[in-house]
Amino acid sequence: DAMVIQNPRYQVTQFGKPVTLSCSQTLNHNVMYWYQQKSSQAPKLLFHYYDKDFNNEADTPDNFQSRRPNTSFCFLDIRSPGLGDAAMYLCATSRGGQTGANVLTFGAGSRLTVL
Amino acid sequence: GENVEQHPSTLSVQEGDSAVIKCTYSDSASNYFPWYKQELGKRPQLIIDIRSNVGEKKDQRIAVTLNKTAKHFSLHITETQPEDSAVYFCAASTYSSASKIIFGSGTRLSIRP
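Chains S and G, in that order, are what the protein sequence lines are.
First residue of the first sequence: 1, per this note's numbering; consecutive thereafter.
First residue of the second sequence: 1, per this note's numbering; consecutive thereafter.
Bound conformation, chain S alone (with noise of 0.2 Å):
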């Protein structure tokens, strides 16, 4: 089945240890994103690819990186995570276009905890 999977799942790393969550799609959608999801709060955009063009969110630290190497998957490195880091961390797919095809599909997400 087509669908966007993310490794890994649960992820536990000490503060200022570098981590990096992947994300593959076998949708062979045009748009990849990058969201930041707390506890009890909506999911925030931190970044996004429009096939290779990359769109950063004004308010993203810079301790946040992406890469996306091809169409089928995207990273996220998160260089020195803080405490404040420790969030689940969602990709997102859609085929993006003037045909407004913006819907979303998402992974099952990446849980980051920060020691």
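Treat each hint with caution, since some may be false.
[Stated by the list, open to error] Partial list, computed: chain G residues near chain S (C-beta under 8 Å):
id : residue
1  : Pro34
2  : Lys100
3  : Ile102
[As the list claims (entries may be wrong)] Here are some, though not all, of the chain G residues that point toward chain S, as calculated from beta-carbon distances under 8 Å:
id : residue
4  : Pro44
5  : Phe89
6  : Ser99
These are computed hints drawn from the structure, not numbers from a lab.
The beta carbon of each residue, even a glycine, is placed where N, CA and C say it ideally should be.
Fit chain G to the supplied structure of chain S, relying on the hints for placement.
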């Protein structure tokens, strides 16, 4: 940039009654308004969406209305059932290559038996 406000933050209704959740948006260029439902411990799932060329859309017990002039849109759930208990998020977006989708703050809906 776009800002989406959502009210109320929590809503409790008797099973069988209706529930209404309201959102406002700031960017007049926004033309696509989806609603997502997130059950506890699960990923958000699209339940209904509306595009700016229509004022209302229905899907069984769920309906969404849009007022472009006032920049607000609402989710209506009729004949609520226990499985409707979840957090609901509205969102706004534009038809563009950037395809940026911004969520409202969410409404926790509880259905009382």
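Structure-based check of each hint:
The interface hint given for G:Pro34 is met, as the beta carbon of that residue sits about 7 Å from the closest beta carbon of chain S, less than 8 Å. At about 7 Å, the closest approach between the beta carbon of G:Lys100 and any beta carbon in chain S falls short of 8 Å, and the interface hint on this residue holds. Interface hint status for G:Ile102: upheld, as the beta-carbon distance to the closest one in chain S is roughly 6 Å, under 8 Å. For the restraint placing G:Pro44 at the interface with chain S, the shortest Cβ-Cβ distance is roughly 5 Å, inside the 8 Å limit, so the hint holds.
Residue-level restraint check for G:Phe89 holds (minimum Cβ-Cβ distance to chain S is 6 Å; threshold 8 Å). For G:Ser99, the suggested interface contact is upheld, since its CB lies about 4 Å from the closest CB of chain S, less than 8 Å.
Comparing the model with each numbered hint stated earlier shows that all of them hold.
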